[in-house]
Amino acid sequence: MAELNTGDSGGGKKGSKKVRSKKSNAKVDLTAMVDLAFLLITFFMLTTSLSKPQSMDLGLPDKEDKDEPKTDIKVDQRRTVTIIMGKDNKIKWFHGLLESPEPGGAPTDAVYGKNGIRKEILKRVASIPQVTGDKKKGLIVIIKPTKKATYRNLVDILDEMAICDVPTYAIVNDITPEEQKLVDEMNK
Amino acid sequence: MAKVKSHKAAGAIDMTAMCDVAFLLLTFFILTATAKMPEPLPVDTPSSTVQTKLPETGLVMITVGKSEGKEQVFYGMKDRAIRSGALDYMAQKYNVTFTEEEKAQFALVDEFGVPIEGLKALLAMKASDRVKKGVQSGIPCDSINNQLQDWIQGARKANIDEGADKELQFAIKGDAKELYPQIKRVMDILQDQKINSFNLVTGLRGKDY
Numbered sequence: 001m002a003e004l005n006t007g008d009s010g011g012g013k014k015g016s017k018k019v020r021s022k023k024s025n026a027k028v029d030l031t032a033m034v035d036l037a038f039l040l041i042t043f044f045m046l047t048t049s050l051s052k053p054q055s056m057d058l059g060l061p062d063k064e065d066k067d068e069p070k071t072d073i074k075v076d077q078r079r080t081v082t083i084i085m086g087k088d089n090k091i092k093w094f095h096g097l098l099e100s101p102e103p104g105g106a107p108t109d110a111v112y113g114k115n116g117i118r119k120e121i122l123k124r125v126a127s128i129p130q131v132t133g134d135k136k137k138g139l140i141v142i143i144k145p146t147k148k149a150t151y152r153n154l155v156d157i158l159d160e161m162a163i164c165d166v167p168t169y170a171i172v173n174d175i176t177p178e179e180q181k182l183v184d185e186m187n188k
Numbered sequence: 001m002a003k004v005k006s007h008k009a010a011g012a013i014d015m016t017a018m019c020d021v022a023f024l025l026l027t028f029f030i031l032t033a034t035a036k037m038p039e040p041l042p043v044d045t046p047s048s049t050v051q052t053k054l055p056e057t058g059l060v061m062i063t064v065g066k067s068e069g070k071e072q073v074f075y076g077m078k079d080r081a082i083r084s085g086a087l088d089y090m091a092q093k094y095n096v097t098f099t100e101e102e103k104a105q106f107a108l109v110d111e112f113g114v115p116i117e118g119l120k121a122l123l124a125m126k127a128s129d130r131v132k133k134g135v136q137s138g139i140p141c142d143s144i145n146n147q148l149q150d151w152i153q154g155a156r157k158a159n160i161d162e163g164a165d166k167e168l169q170f171a172i173k174g175d176a177k178e179l180y181p182q183i184k185r186v187m188d189i190l191q192d193q194k195i196n197s198f199n200l201v202t203g204l205r206g207k208d209y
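Quick note, the sequences are listed as chains A and B, same order. Residue numbers for the first sequence follow our numbering, so the first one is 1 and each next one is one higher. Residue numbers for the second sequence follow our numbering, so the first one is 1 and each next one is one higher.
Keep in mind that the hints were calculated from the coordinates and are not lab data. Warning: the hint list may mix true and false statements.
Stated by the list, open to error - List of simulated lysine-lysine pairs, DSSO-like, C-alpha gap at most 30 Å:
| no. | chain 1 | residue 1 | chain 2 | residue 2 |
| --- | --- | --- | --- | --- |
| 1 | A | LYS27 | A | LYS63 |
| 2 | A | LYS87 | B | LYS70 |
| 3 | B | LYS133 | A | LYS148 |
| 4 | B | LYS70 | B | LYS120 |
| 5 | A | LYS63 | B | LYS53 |
To be verified - What the simulated footprint calls covered on chain B by chain A, stretch by stretch (three residues with Cβ under 8 Å from a Cβ of chain A suffice, anywhere in the stretch; the number is not a length):
| no. | segment |
| --- | --- |
| 6 | 168 to 179 |
| 7 | 200 to 206 |
Quick caveat: nothing in here was measured; it's all calculated off a predicted structure. Every residue, glycine too, gets a C-beta built ideally from N, C-alpha and C.
Given only the sequences and the hints, what does the whole structure look like? Please build it.
Put into structure tokens, the structure is as follows:
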């Protein structure tokens with residue numbers, strides 16, 4: 001039992017000769033101590049499980065060998081949305097081909113996040129299977145990071161893909177001359 | 001006549017047992033908590049909504065960050081057996097010999113970022129000195145001197161020699177402000193060795209993002 005002998009409570013009055021009645025040892029108030037202990041417990045419990053960093057899986061296609069003949073796979077242009085990431089968190093996106101974009105899919109500026117690019121992606125995730133008439137032929141997002149894009153941008157856009165449940169997406173590093181013009185305009 | 005109850009204050013509850021339990025639990029959590037080692041290259045990871053946790057074992061972490069205006073790459077292996085195996089591989093490849101003491105010392109290093117030539121000097125240092133700024137200059141990973149690639153190879157070899165049934169996983173921990181070509185360079189080094197699937201370390205983002 002935790003007890004503390006408080007000793008002579010009237011220590012101030014040294015001269016006093018009054019014989020004090022033998023007082024029982026006062027109990028220490030443990031409330032504050034218990035509070036503190038539980039606070040620390042909570043802290044340690046939360047930090048041990050939360051400190052594990054999150055990770056995002058990223059699978060990239062095999063790097064093609066130069067010797068192998070290139071086989072071009074034709075993809076329906078109605079399914080592709082190209083996202084070009086520029087500097088200062090800027091995005092330009094277009095739907096279809098750059099020369100002949102799909103209706104409502106001309107190159108547009110956008111921002112990251114809920115009210116930016118996500119709205120466009122979600123709209124197309126829903127609409128494209130209907131356009132193609134095949135549930136398996138959904139949206140394809142082509143992510144093109146430019147040299148000025150940051151790592152945060154890349155993770156943000158990949159996160160966006162995960163949030164929107166985009167069936168197919170790819171990170172493509174080559175930028176065509178026409179797209180380069182867009183990039184120059186954006187990175188200006 | 002009903003007895004008039006004296007309005008007695010609630011007696012003090014005996015909290016000794018509660019206190020005991022609380023401190024027992026506290027001790028448990030303190031002891032089981034893994035102390036966070038100071039990182040030689042602190043990076044600010046970007047956040048994502050992904051909930052997958054990073055595995056504790058069988059992982060190699062490649063940290064890409066910026067220190068004193070220079071792009072640096074640091075390398076860390078989670079398993080001690082793989083650490084020693086990779087060191088042996090590197091020692092052989094670059095003709096550097098390590099004493100048993102240095103090998104034992106290296107097995108305790110979580111993360112480092114020095115060229116193999118400077119590893120001896122790093123191991124001779126105190127652990128607290130190693131994390132000081134400017135001590136570690138990053139692992140060379142350009143086309144002329146690609147030690148990062150060799151470290152990756154060494155770790156994978158060590159993993160196979162250990163008889164692990166799982167392939168070694170690689171995680172890239174990049175600073176959020178790092179430009180994409182820097183990350184791309186590390187990804188390319190991994191892809192050159194046919195590692196096409198890896199993890200990107202991220203922080204946790206709020207639900208309403």
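Structure-based check of each hint:
{"no.": "1", "hint": "LYS27(A) with LYS63(A)", "verdict": "74 Å, violated"}
{"no.": "2", "hint": "LYS87(A) with LYS70(B)", "verdict": "20 Å, holds"}
{"no.": "3", "hint": "LYS133(B) with LYS148(A)", "verdict": "27 Å, holds"}
{"no.": "4", "hint": "LYS70(B) with LYS120(B)", "verdict": "23 Å, holds"}
{"no.": "5", "hint": "LYS63(A) with LYS53(B)", "verdict": "27 Å, holds"}
{"no.": "6", "hint": "168 to 179", "verdict": "holds (count 8)"}
{"no.": "7", "hint": "200 to 206", "verdict": "holds (count 6)"}
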